[in-house]
Amino acid sequence: MNAARDGSEDALGQIVNELSPLLWQVARAAGLSSGDAEDVLQTVWLRLLSHLDSIRSPAALTAWLVVTTKREAWRVRAAGRRQLPTDLDWLAALPDPAPGSEDRVVIDDQRRALWTAIGRLDRRCQELLRIIAFVPRPDYAAVAARLGMRPGSVGPTRGRCLAKLRAVLASGPEGSPA
Amino acid sequence: MKPSDAGGPLDETDLQILADIHDLFDAADPMPPDLPDRIRFSLALRDLEIEVARLAAEEDQQVLAVRGAEQSRTITFDSDSLTIMIRIDLNPDGTARVDGWLAPPHSRRVEMKTTAGTLTVAADEQGRFAFASVPRGTAQLVVRPADQVPDGSGRSVVTPALIL
Chain A
1 MNAARDGSED ALGQIVNELS PLLWQVARAA GLSSGDAEDV LQTVWLRLLS HLDSIRSPAA
61 LTAWLVVTTK REAWRVRAAG RRQLPTDLDW LAALPDPAPG SEDRVVIDDQ RRALWTAIGR
121 LDRRCQELLR IIAFVPRPDY AAVAARLGMR PGSVGPTRGR CLAKLRAVLA SGPEGSPA
Chain B
1 MKPSDAGGPL DETDLQILAD IHDLFDAADP MPPDLPDRIR FSLALRDLEI EVARLAAEED
61 QQVLAVRGAE QSRTITFDSD SLTIMIRIDL NPDGTARVDG WLAPPHSRRV EMKTTAGTLT
121 VAADEQGRFA FASVPRGTAQ LVVRPADQVP DGSGRSVVTP ALIL
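Quick mapping for you: the protein sequence lines, in order, are chains A and B.
Mapping of the first sequence onto this note's numbering: position 84 corresponds to residue 84, and the numbering continues sequentially without gaps.
Mapping of the second sequence onto this note's numbering: position 64 corresponds to residue 64, and the numbering continues sequentially without gaps.
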């Protein structure tokens, strides 16, 4: 990060490669179209250039990028350029299990169960888990705190959304929607 | 699976679930693979004192010319101090022509950064500028301040990378 601040394009480029997939999920989870999400990511990274001086740690950098992406996404949505997709549109996107070995079928069943369980959470939890799943583990606590999850005294806590997801997964497929 | 409370610390099961969620969304809604390239392109200007112009509107117009259908695009960018509107037309030789307007009108130096280098033109007093022939591909506009102002108000206005 210090190298990025001092003007090393390679260092900044590496951070772009590492964190853009996270910011993509943040923008898409906020309901942006692909095109709007691309615009928002570009804006966020350009804005970072003016803020590098004030960011002190890699965790703070990740948190700043996530929060700024959310704000830019709200801004685009508020401008009314695009409509928010209906809830769970993305659920249809789970690819069909590919034909393959027994192991493959078991894995696909697990993926499907997880996908269905996520779909039964409220929208806020879906968004939060989707974002947190892409955050580098050392930055987890800083990002979770900025997203309104209370950090524990020792370290990152499970949080309401992950606890709910585990409860849904434990309850098995019988409770899943048609 | 043991019942898990929200206040408990993250355990291995949580981390595995998060890793699985990562893989699911990475497969279902992946970032366009070329996006980081475009972002790195737009960050290549090593100018920390910039004002970011956001994409405000984009319109495609099918222009029916005598020779057939030609595409003309109009894109508007807004920053805190400036609105930049550009119209992109294709030249017969395969390059792009870019006509632009700055509002409020300023005579400024306007740069078009492309993968093949940087083109520079001057906007006139009405804020109009034109690049007659720009290689197609990734490009970025930079509007330079009229003069280097000592109080710091003379920041360059930059757009995100766009595809011509």
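Quick caveat, the hints were computed from the structure, so don't treat them as lab data.
Treat the hints with care, since some could be wrong.
Between beta-carbon pairs, the in silico distance windows are [what the hints assert, rightly or not]:
| no. | chain 1 | residue 1 | chain 2 | residue 2 | range |
| --- | --- | --- | --- | --- | --- |
| 1 | B | R128 | A | V67 | 36 to 44 Å |
| 2 | A | S54 | B | P92 | 21 to 29 Å |
| 3 | A | A60 | B | P105 | 16 to 24 Å |
If you want the ones that stay clear, here's a sample from chain A, every Cβ over 10 Å from chain B, calculated [what the hints assert, rightly or not]:
| no. | residue |
| --- | --- |
| 4 | P21 |
| 5 | R56 |
| 6 | R123 |
Owing to the predicted nature of the structure, the values given are computational and were not obtained by experimental measurement.
The C-beta atom is built at its ideal place from N, Cα and C for all residues, glycine as well.
Results of checking the hints against the structure:
Taking 36 to 44 Å as the suggested C-beta distance range, the pair B:R128 and A:V67 conforms, at roughly 38 Å. Remark: the range hint 21 to 29 Å for A:S54 to B:P92 is contradicted by a beta-carbon distance near 49 Å. Checked against the hint of 16 to 24 Å, the pair A:A60 and B:P105 fails, with Cβ atoms roughly 40 Å apart. Consistency note on A:P21: stated as away from chain B, yet its beta-carbon is not over 10 Å from all of that chain's, at 5 Å minimum.
A cut-off of 10 Å between C-beta atoms confirms that A:R56 is not in contact with chain B; the least separation is 17 Å. Every CB of chain B is more than 10 Å from the CB of A:R123 (nearest about 15 Å), matching its label as outside the interface.
Comparing the model with each numbered hint stated earlier shows that hints 2, 3 and 4 do not hold.
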